[in-house]
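Visitor: Sequence:
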Amino acid sequence: AANSLVISEWMNWLKTEIGFDGWRFDFVKGYAPSITKVYMENTSPDFAVGEKWDSLSYGPDGKPDANQDGHRGALKDWVQAAGGAVAAFDFTTKGILQAAVQGELWRLKDSNGKPPGFIGILPQNAVTFIDNHDTGSTQRLWPFPSDKVMQGYES
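Basically the numbering used here = 1-based index in the sequence shown + 2.
Please note: incorrect hints may appear among the correct ones.
Simulated pairs of lysine-lysine, DSS-like, Cα-Cα distance not exceeding 25 Å [to be verified]:
#, residue 1, residue 2
1, Lys116, Lys78
2, Lys39, Lys65
3, Lys150, Lys111
4, Lys116, Lys39
5, Lys17, Lys39
6, Lys39, Lys111
7, Lys78, Lys150
8, Lys150, Lys116
9, Lys78, Lys31
10, Lys65, Lys17
11, Lys78, Lys65
Don't read these hints as lab results, they were simulated from the structure.
Using the sequences provided together with the hints, build the complete structure.
Guide: What follows is the structure, encoded as structure tokens:
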């Protein structure tokens, strides 16, 4: 509890003295959502987003399964356990888009006709993206097809 207080005080100093207005919580699988909740409650940022990157479900063909409810549900569970005010990077949508732009546009709707990613179940907390420093850029752990980036933004 003492460490949380010290970190919260430092975060508030970053807001008031330096001008920060939000937070990016990295690798949130490495600590309990209750920690994020404490920081959110004690600092009241204008915006905050967490990086919860899990693997999608894949079929035997190596492509994402049509149903990614478990993946996006895990993002929803994390957001709710973290207090509900923090957003999450929509890794579900990123993975689905990567397959969809390869000629599989049917993937862009779930069985209810909604977007199949996290944005389809909790849009106010979903931060969509094509690539970031982990997935693309220099690390290239899960890069979006370079010739399809503009199509990904249009989708």
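Visitor: Against each hint, give a clear statement of whether it holds in the structure.
Guide: Hints, one by one, checked against the model:
1. Lys116 - Lys78: Holds. Lysine 116 to lysine 78 sits at ~16 Å (cutoff 25 Å).
2. Lys39 - Lys65: At roughly 35 Å apart (the allowed maximum being 25 Å), lysine 65 and lysine 39 break the hint.
3. Lys150 - Lys111: holds, 19 Å
4. Lys116 - Lys39: violated, 29 Å
5. Lys17 - Lys39: Holds, because 17 Å separates the two Cα atoms, which is no more than 25 Å.
6. Lys39 - Lys111: Given that 25 Å is the threshold and the Cα spacing comes to 31 Å, the pair is violated.
7. Lys78 - Lys150: Between lysine 78 and lysine 150 the Cα gap is close to 28 Å, so the pair fails against 25 Å, i.e. violated.
8. Lys150 - Lys116: The given pair, whose Cα atoms are some 22 Å apart, holds under the 25 Å limit.
9. Lys78 - Lys31: holds, 14 Å
10. Lys65 - Lys17: Violated. Lysine 65 to lysine 17 sits at ~43 Å, over the 25 Å cutoff.
11. Lys78 - Lys65: holds, 23 Å
Hint violations for this structure: numbers 2, 4, 6, 7 and 10, all remaining hints satisfied.
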